[in-house]
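Asks: Start from the sequences, fold in the hints, and give me the full structure.
Which chain is which? The protein sequence lines are C and G, in order.
When we follow my numbering, the leftmost residue of the first sequence carries the number 1, and every step to the right adds one.
When we follow my numbering, the leftmost residue of the second sequence carries the number 1001, and every step to the right adds one.
Hint data in this document are derived by calculation from the structure and do not stem from the laboratory.
Check each hint, because a few of them may be wrong.
As the list claims (entries may be wrong) - Straight line, CA to CA, 27 Å or less: simulated BS3-like cross-link-like pairs of lysine-lysine:
| hint | chain 1 | residue 1 | chain 2 | residue 2 |
| --- | --- | --- | --- | --- |
| 1 | G | K1260 | C | K58 |
| 2 | C | K260 | G | K1176 |
| 3 | G | K1173 | G | K1260 |
| 4 | G | K1260 | C | K260 |
| 5 | G | K1109 | C | K43 |
| 6 | G | K1260 | C | K173 |
Quantities reported herein were computed from a predicted structural model and do not represent experimental measurements.
Listed below are the residues making up each chain.
There are 2 protein chains.
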Amino acid sequence: MQTSALPQTPAELRSLIRRGDLVRPTAGMAPGYVQANLVILPKDLAFDFMLFCQRNPKPCPLLEVVEAGSPEPSQMALGADLRKDVGKYRIYENGTMIDEPEDISDIWKEDLVSFLIGCSFTFEAALLDADIPLRHIEQDSNVSMYITSIQTAPAGAFSGPMVVSMRPIKQDKVIKAVTVTTRYPSVHGAPVHIGNPSAIGIHDIATPDIGDPTDILDDEVPVFWACGVTPQAVAMNSKPSLMITHSPGHMFITDSPDEKYSVL
Amino acid sequence: MQTSALPQTPAELRSLIRRGDLVRPTAGMAPGYVQANLVILPKDLAFDFMLFCQRNPKPCPLLEVVEAGSPEPSQMALGADLRKDVGKYRIYENGTMIDEPEDISDIWKEDLVSFLIGCSFTFEAALLDADIPLRHIEQDSNVSMYITSIQTAPAGAFSGPMVVSMRPIKQDKVIKAVTVTTRYPSVHGAPVHIGNPSAIGIHDIATPDIGDPTDILDDEVPVFWACGVTPQAVAMNSKPSLMITHSPGHMFITDSPDEKYSVL
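Replies: Right, here's the structure in full:
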């Protein structure tokens, strides 16, 4: 099924995902609605992680925090279930990914706090509206992500490198891509880097650490945005006893319109 | 001493305040540098309060969180001491203000977490630059603040009404005041209300709940911004065992330039 043939409302898409009928990267789905990264942690780690997000608003802009025991993000998706409504999850124990299930109901516990973090897929509709094409959407593939040499600001138990997503942008549209995404600080906002990948510790742009490779044409520049997969790199570095996340690209689709998060 | 005759650097002002030589509202001081509201809470309440801030970014935009036991906000004012560098503090026990000291060293404890919250004084320099005069600065008085009928989003132990600050703005400059302050979401950003005070539960505009009265001239409109004194109204409502704050108007003056917090 092409992305364009899918249902368009977040609730319909979540329902397909919950039934296990839509397990693939969500870029381009439900255009105009916020997609979110997911991090779930035991309550005794929740303060440190929220502090980590406060100190690192570019990679970890907090959209909603769901209190311990509740799987329902009532502000952004009333009736949704964070245990089932993401296509694929990742379970990290002591910094190692031990499983990648499609449902986490069986390991859910009452002390788990859920964090929804802004995702750059949200501003992609605005980029498309500004006539800036996005290759990973055209090719129905996952965006390219890289673990960089940029260090996050540590907080309590959490520290580690920043992850970025990369989109090739035509040279004459780079500035427009910056101004458009600047309007959305709560979904990563302006890029963190433009051009030379090695300046941020990326030594092989053709081989992303996460997601699919993306061709960069001669008249294009790689543009890098902070990425909500950062907590997963941080988990590998900081080794919390348990962290559950979405699998990169398989976002939680909310009912909140993108425009709600535009500052201008 | 007129505000204009005071030293201009944050560090010099904090030093005067620490010595007890400058105990008065800080509006207009150190123009171009961020001033902050202060909230100090025991660690067992810190997660709930940070969640409260995340859910109420207009009144409670978090600038920095200082981990338990440290009185030094190392990101925004290296070398400062949050126990001494605010002119006047308020101590709330179980929702009641029990003291208003100039120093809190004697009651400091190792489990206290400090929160610096954006203050509208920060965008006042930008308003003045835009040729929008501010009466409380001209008159060397404290800005007028009101407890409104707007309810904050509750989080754990915290709930209560939003506090706003009011500035009378000439009718033909109201729109400019909105656009200028929109650029600073982390110091309350755009107003929450323009005009009719009773629409937000303010029944006597001439008698602010907090701060000094401000005349409103015939060609002026009262414009209301969310205020970082909100946690104090929330403390009175939610009655945490202990909350220490600044005294309204007596802000913590940081070394961070305003422009760092402009989104455009």
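Asks: Now look at each hint and say whether the structure bears it out.
Replies: How the hints compare with the structure:
1. K1260/G x K58/C: Holds - the C-alpha atoms of K58/C and K1260/G are around 14 Å apart, at most 27 Å.
2. K260/C x K1176/G: holds, 22 Å
3. K1173/G x K1260/G: Answer holds: K1173/G to K1260/G is near 25 Å, not above 27 Å.
4. K1260/G x K260/C: holds, 23 Å
5. K1109/G x K43/C: Within the cut-off at roughly 23 Å; holds.
6. K1260/G x K173/C: holds, 26 Å
Checked against the numbered hints given earlier, the structure satisfies every one of them.
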